[in-house]
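Protein chains in written order, with the working numbering: chain A, 1 to 200; chain B, 1001 to 1164.
No lab work stands behind these hints: they were computed from the structure. We treat Cβ as the ideally placed atom computed from N, Cα and C, and that holds for glycine. Take the hints with a grain of salt, since some may be wrong.
Here are the simulated EDC-like pairs of lysine to aspartate or glutamate, each with C-alpha atoms no more than 20 Å apart in a straight line [as the list claims (entries may be wrong)]:
(1) B:K1088 to A:D163
(2) A:K193 to A:D92
(3) B:K1133 to B:D1143
(4) B:K1117 to A:E111
(5) A:K176 to A:D60
(6) B:K1088 to A:E111
(7) B:K1046 to A:D92
(8) B:K1068 to B:D1034
(9) A:K152 to B:E1079
Pulled from the structure, derived: some chain A residues nowhere near chain B, Cβ distances all over 12 Å [unchecked claim]:
(10) T40
(11) D53
(12) E56
(13) Q65
(14) I103
(15) R112
(16) M122
(17) T135
(18) I137
(19) G175
(20) F178
(21) V180
(22) G196
(23) L198
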Amino acid sequence: MKLKLTTSQSLLILLVTAIFFTSVFAVLVLKPPTLSFLKTITFDTSLSLLDHDGTEINSDHFKNQKMMIFFGFTYCPEICPTTLSDISIWLDEVGTNTDKIQINFVTVDPERDTAEELNKYMKNFSSQIVGITGTQIELEKLFTAFGVYAQKVPFDENSYTVDHSSSIYLVDRNGKLFDVISYGESLENAVKKLTGFLNY
Amino acid sequence: MLLQKKTALTHILIIFLGMAFSISAKASESLIFDKATVSISGMHAKVAAGYVSIENIGAKEDVLLSVKSDFAKISEIHEMKHVNGVMKMRKITSGIAIKSNTTVSLRKGGYHIMFMKLAKHLSPGEVVSVKLKFQNLGWVIKDFRVSDGHQMSGNEHSHTEDNQ
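Sequences are here, hints too, so could you generate the full structure?
Here it is as structure tokens:
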């Protein structure tokens, strides 16, 4: 049996098909952007560290506030001081509400970066940045939580360096990793990411 | 007679000195140094990075072999690499070759001189002497100006995987 369609029926089918595909396109492609977190950071509850004033801190230090966290060491000649300095520049560019972000600089070299040494070092940068040190075991709990690479590499018997991840992590008050600012990102990009982090 | 001999000897000495000076001047002219800076990170810096641009206008390749300074107990040539989000630094033991008619820059993000265990406090603006040893040229003493490195940043990182 051959089905014959009238012109109006054909037009109706065409219209329904068009609406269907437009809806699928709208849902799949034009959907409003939803916030997708990279991962959730789980802070070890037994965490015991020191800030650059020598005050003991635990996992609570990293909770219930938006924070930036960066890993480095004071013997780092380039990336670490540059990044710490850049953070201040970004904060100035973003302007309002930046004081609500907690900023942490965690050492990957606890052997040389005692709280006392960190205290001297942090004087070179924004007072908003908290230097954090501790034992290798305690610090490794943080490295693991963020998936940070930190490896001591000897130059010779007198000196060594520490290879380490160079990114800055933006973490929300629930421990969700909102975004990452990579080393070398433009001022414009960094400010955009920070502004998004502050406003979400 | 004796006076004539003395005069002749003086002339010979002057000629030799002139030749020696000329050789030395020629040799030092084969490398041109620029942008010599010692970058520190604030007042409590424990390490400093040395940057310099070296142009070889001579006919032969030369190699920067080692570095010495009075203000640091350890002065080494290092290379920084940023690979897959990880900062790595390595000591260069084989030297840095500077081919004829090329310029090698020791700069942020690549080769640099690493001054460790600073023996004295360095201040921005200060000029310090750094001795650089080259394969052909031998030891060369150059003035490096101290600058507060992190204040120069403004996110103008140089991302060089290759310095040449």
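Going down the list of hints, with the structure as the test:
no.	hint	in the structure
1	B:K1088 to A:D163	5 Å, holds
2	A:K193 to A:D92	14 Å, holds
3	B:K1133 to B:D1143	14 Å, holds
4	B:K1117 to A:E111	15 Å, holds
5	A:K176 to A:D60	15 Å, holds
6	B:K1088 to A:E111	18 Å, holds
7	B:K1046 to A:D92	28 Å, violated
8	B:K1068 to B:D1034	18 Å, holds
9	A:K152 to B:E1079	16 Å, holds
10	T40	20 Å, holds
11	D53	16 Å, holds
12	E56	23 Å, holds
13	Q65	25 Å, holds
14	I103	15 Å, holds
15	R112	8 Å, violated
16	M122	9 Å, violated
17	T135	21 Å, holds
18	I137	22 Å, holds
19	G175	21 Å, holds
20	F178	17 Å, holds
21	V180	9 Å, violated
22	G196	18 Å, holds
23	L198	19 Å, holds
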